[in-house]
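K.L.:
Chains A and B are the protein sequences, given in the same order. So the first sequence is residues 1 to 243, counted in the numbering used here. So the second sequence is residues 244 to 560, counted in the numbering used here.
No lab work stands behind these hints, which were simulated from the structure alone. All C-beta atoms in this analysis are idealised placements derived from N, C-alpha and C, irrespective of residue type, glycine included. Heads up, a few of these hints could be off.
Said to hold, decoys possible - Subject to a maximum C-alpha distance of 30 Å in a straight line, what follows is the list of computed BS3-like cross-link-like pairs (lysine-lysine):
no., chain 1, residue 1, chain 2, residue 2
1, B, Lys-535, A, Lys-25
2, A, Lys-141, B, Lys-425
3, A, Lys-201, B, Lys-386
4, B, Lys-520, A, Lys-25
5, A, Lys-104, B, Lys-416
What the hints assert, rightly or not - Partner residues are not named here, just some residues of chain B that face chain A (Cβ under 7 Å, in silico):
no., residue
6, Asn-327
7, Thr-340
8, Ile-374
9, Lys-402
10, Thr-429
11, Ala-432
12, Pro-550
13, Lys-551
Said to hold, decoys possible - Far from chain B by the CB rule (all over 10 Å, computed), these chain A residues:
no., residue
14, Met-1
15, Lys-2
16, Gly-28
17, Asn-183
18, Arg-185
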Amino acid sequence: MKILVCISHVPDTTSKISFVDNNTKFDGTGVQYIIGPYDDYALARAIELKEATQSTVTVLNVGLAETEPTLRKALAIGADDAIRVNAEPTDSFFVASQIAEHAKGFDLILMGRESIDFNSGVVHGMVGEMLGLPSFSPVMKLEISGTSAKMAVEIEGGKETVEASLPLVAGCQEPIAEWKIPNMRGIMGARTKPLKVVEPKAVEVPVKLQRFELPPPKGAVKMISPDNVGELVRLLKNEAKVL
Amino acid sequence: MNILVFAETSDGKVKSTAIEAVCYAQAIGGNVTAIAMGTVGAAELEALGKYGAKKVLHAADARLNQGITLAYTSVIAQAMADENTDVLVLANSALGTPVAARVAVRTGAAFASNVVELPSASSGFTVKRSIYTGKAFSVVDMKPARKVLVLKKNAAEVKEVGGTAKVESYSAKLNDADFGAKITSTEKATGDILLPEANIVVSGGRGMKGPEHWGPLEELAKVLHAATGCSKPVSDMGWRPHHEHVGQTGIKVAPQLYIAIGISGAIQHLAGVNSSKCIVVINKDADAPFFKAADYGIVGDAFDVLPKLIAALKGAK
Numbered sequence: 001m002k003i004l005v006c007i008s009h010v011p012d013t014t015s016k017i018s019f020v021d022n023n024t025k026f027d028g029t030g031v032q033y034i035i036g037p038y039d040d041y042a043l044a045r046a047i048e049l050k051e052a053t054q055s056t057v058t059v060l061n062v063g064l065a066e067t068e069p070t071l072r073k074a075l076a077i078g079a080d081d082a083i084r085v086n087a088e089p090t091d092s093f094f095v096a097s098q099i100a101e102h103a104k105g106f107d108l109i110l111m112g113r114e115s116i117d118f119n120s121g122v123v124h125g126m127v128g129e130m131l132g133l134p135s136f137s138p139v140m141k142l143e144i145s146g147t148s149a150k151m152a153v154e155i156e157g158g159k160e161t162v163e164a165s166l167p168l169v170a171g172c173q174e175p176i177a178e179w180k181i182p183n184m185r186g187i188m189g190a191r192t193k194p195l196k197v198v199e200p201k202a203v204e205v206p207v208k209l210q211r212f213e214l215p216p217p218k219g220a221v222k223m224i225s226p227d228n229v230g231e232l233v234r235l236l237k238n239e240a241k242v243l
Numbered sequence: 244m245n246i247l248v249f250a251e252t253s254d255g256k257v258k259s260t261a262i263e264a265v266c267y268a269q270a271i272g273g274n275v276t277a278i279a280m281g282t283v284g285a286a287e288l289e290a291l292g293k294y295g296a297k298k299v300l301h302a303a304d305a306r307l308n309q310g311i312t313l314a315y316t317s318v319i320a321q322a323m324a325d326e327n328t329d330v331l332v333l334a335n336s337a338l339g340t341p342v343a344a345r346v347a348v349r350t351g352a353a354f355a356s357n358v359v360e361l362p363s364a365s366s367g368f369t370v371k372r373s374i375y376t377g378k379a380f381s382v383v384d385m386k387p388a389r390k391v392l393v394l395k396k397n398a399a400e401v402k403e404v405g406g407t408a409k410v411e412s413y414s415a416k417l418n419d420a421d422f423g424a425k426i427t428s429t430e431k432a433t434g435d436i437l438l439p440e441a442n443i444v445v446s447g448g449r450g451m452k453g454p455e456h457w458g459p460l461e462e463l464a465k466v467l468h469a470a471t472g473c474s475k476p477v478s479d480m481g482w483r484p485h486h487e488h489v490g491q492t493g494i495k496v497a498p499q500l501y502i503a504i505g506i507s508g509a510i511q512h513l514a515g516v517n518s519s520k521c522i523v524v525i526n527k528d529a530d531a532p533f534f535k536a537a538d539y540g541i542v543g544d545a546f547d548v549l550p551k552l553i554a555a556l557k558g559a560k
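All chains should be built: construct the whole structure from the sequences, respecting the hints.
P.N.:
Following this line, the structure appears as structure tokens:
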């Protein structure tokens with residue numbers, strides 16, 4: 001089986017978010033970048049499937065040269081080769097178009113349910129539509145037997161068990177697999193694994209960024225004595241107006 | 244402007260988030276049509292007229308009782324062509340968002356999800372989206388004539404404008420490939436208020452000391468008509484089911500009121516709740532980081548504060 005795992009290169013969850021250039025560009029100064037946490041689950045499941053089913057795992061990222069350490073980390077975790085589409089991932093439709101260009105011929109196309117920077121949660125659906133393949137998200141469990149997949153897909157308040165034939169696209173989330181931490185051997189081996197850089201396909205992007213905004217600063221917390229919870233109820237009713 | 248709204252249903256009832264989507268469409272202004280799938284009572288659909296839908300297309304095909312992404316995509320894309328739709332509006336959900344993504348590609352529409360407020364038409368058609376897991380917004384201009392918008396909860400105020408919608412039966416051309424995926428079983432909590440749709444959420448963390456102590460928290464939720472949530476460690480330890488896990492890698496909620504009990508407030512948890520309108524934190528550790536993100540805080544033991552809070556709420560009714 002040929003598995004493609006699409007990974008995003010995103011600011012660590014604890015990063016402070018700020019913008020530069022008149023609020024049109026993310027300020028990456030001092031920010032630590034990671035493999036998107038949902039993508040990391042997808043990668044971990046792909047490596048498990050690779051070990052169980054004699055598969056190959058290719059990782060793909062749409063990003064500029066600075067994302068290569070993230071791809072190398074994915075190779076260290078156990079992917080066989082990597083593709084970097086040399087473009088800034090500014091829009092879901094753009095990213096999906098680039099992935100679709102390279103995803104033909106794979107049996108399983110995995111990624112996270114969403115990236116934690118733009119949070120659109122739609123690249124899997126768009127890639128599926130572009131390739132004429134079914135797409136599923138958020139997938140919490142994925143078992144493959146032969147050419148069919150059995151999945152647990154989260155729905156509001158529960159989950160569904162879904163069966164479908166390969167090839168397919170899945171947006172993954174926990175508890176599909178445990179995150180994998182690269183070992184020294186993996187890190188050494190990753191240096192020589194193939195990482196191919198390709199130029200992006202020309203795509204007309206239908207959505208244009210005008211500016212970024214930050215939410216207004218939060219007011220100070222109002223502390224209430226545990227012996228006076230009636231005051232809390234009053235404030236929620238009359239001040240916050242949420243009851 | 245012709246606006247089509249996906250009126251997502253659950254067990255034959257239009258979801259509250261779908262009603263918000265109808266209100267959003269009504270507030271944009273234009274000709275609002277809704278579309279519903281599977282078995283739903285006519286009265287339930289006519290009632291969408293109260294929120295501004297003039298017409299409801301009902302694709303009653305029983306195969307659509309299951310939320311199959313590809314089949315829903317085909318029905319909505321065909322309805323957009325038939326209705327000459329300019330803007331499709333959906334509420335964010337496990338089904339709605341993936342369907343929206345596919346419809347946008349199929350119909351060549353511009354796409355934006357996590358939309359938090361009404362569009363501005365002052366220069367083009369711009370919408371504001373929540374990004375960086377609630378820590379920032381982006382304002383984007385949508386160029387093509389046709390647009391697909393997926394709303395975050397509370398993007399529009401629910402307002403009744405009166406009226407009854409005309410319900411028309413709608414049949415779309417569906418092929419076998421649309422039903423290629425088989426949903427073989429569904430497990431769903433019944434009778435509970437669903438977390439992503441709740442206006443009030445009551446969440447518990449490790450401070451609740453064990454699954455057997457959830458009684459007071461559930462009672463508080465009942466008094467408030469709230470959904471129950473939990474922190475990641477609580478779901479990881481199996482104290483509560485995964486679909487209650489609120490946070491970065493779980494459900495992101497945006498209720499009017501979020502009450503956190505015995506949750507320290509790790510940044511991963513805050514990422515799931517920072518779009519809440521009002522946050523109350525109850526924790527016995529005065530240094531819990533969650534207090535910094537809260538509107539109101541009580542330093543105290545959950546098992547002392549909860550009964551008092553329940554009594555105060557009952558007394559206030």
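K.L.:
Any CB of chain A closer than 7 Å to the CB of Thr-340 (chain B)?
P.N.:
5 Å, holds
K.L.:
Using the nearest Cβ pair, does Ala-432 (chain B) come within less than 7 Å of chain A?
P.N.:
5 Å, holds
K.L.:
Please check whether Thr-429 (chain B) passes as an interface residue: C-beta within 7 Å of a C-beta belonging to chain A.
P.N.:
5 Å, holds
K.L.:
Would the hint on Lys-402 (chain B) stand, with a C-beta cut-off of 7 Å toward chain A?
P.N.:
16 Å, violated
K.L.:
Against chain A, is Pro-550 (chain B) within 7 Å by beta-carbon distance?
P.N.:
Constraint on Pro-550 (chain B) not satisfied, violated at 10 Å.
K.L.:
For the pair supplied as a hint, Lys-201 (chain A) and Lys-386 (chain B), confirm whether the alpha-carbon distance does not exceed 30 Å.
P.N.:
Roughly 20 Å separates the two Cα atoms, so the pair holds.
K.L.:
A cut-off of 10 Å on Cβ-Cβ distance, and Met-1 (chain A) was said to be off the interface with chain B. Does that hold?
P.N.:
At roughly 19 Å from the nearest Cβ of chain B, Met-1 (chain A) sits farther out than 10 Å, so the non-interface label holds.
K.L.:
Is the hint on Asn-327 (chain B) kept, meaning its closest Cβ partner in chain A is under 7 Å away?
P.N.:
19 Å, violated
K.L.:
Would you settle whether the hint for Ile-374 (chain B) is holds or violated, based on the nearest Cβ-Cβ distance to chain A being less than 7 Å?
P.N.:
5 Å, holds
K.L.:
Could you let me know if the closest chain B CB is still more than 10 Å away from the CB of Arg-185 (chain A)?
P.N.:
With a cut-off of 10 Å, Arg-185 (chain A) remains clear of chain B, as the shortest Cβ separation is near 28 Å.
K.L.:
Verify the interface restraint on Lys-551 (chain B): the C-beta must sit less than 7 Å from at least one C-beta of chain A.
P.N.:
5 Å, holds
K.L.:
Would the pair Lys-520 (chain B) and Lys-25 (chain A) pass a check requiring their Cα atoms to be no farther apart than 30 Å?
P.N.:
27 Å, holds
Taken one by one, the earlier hints fail for this structure at numbers 6, 9, 12, listed in ascending order.
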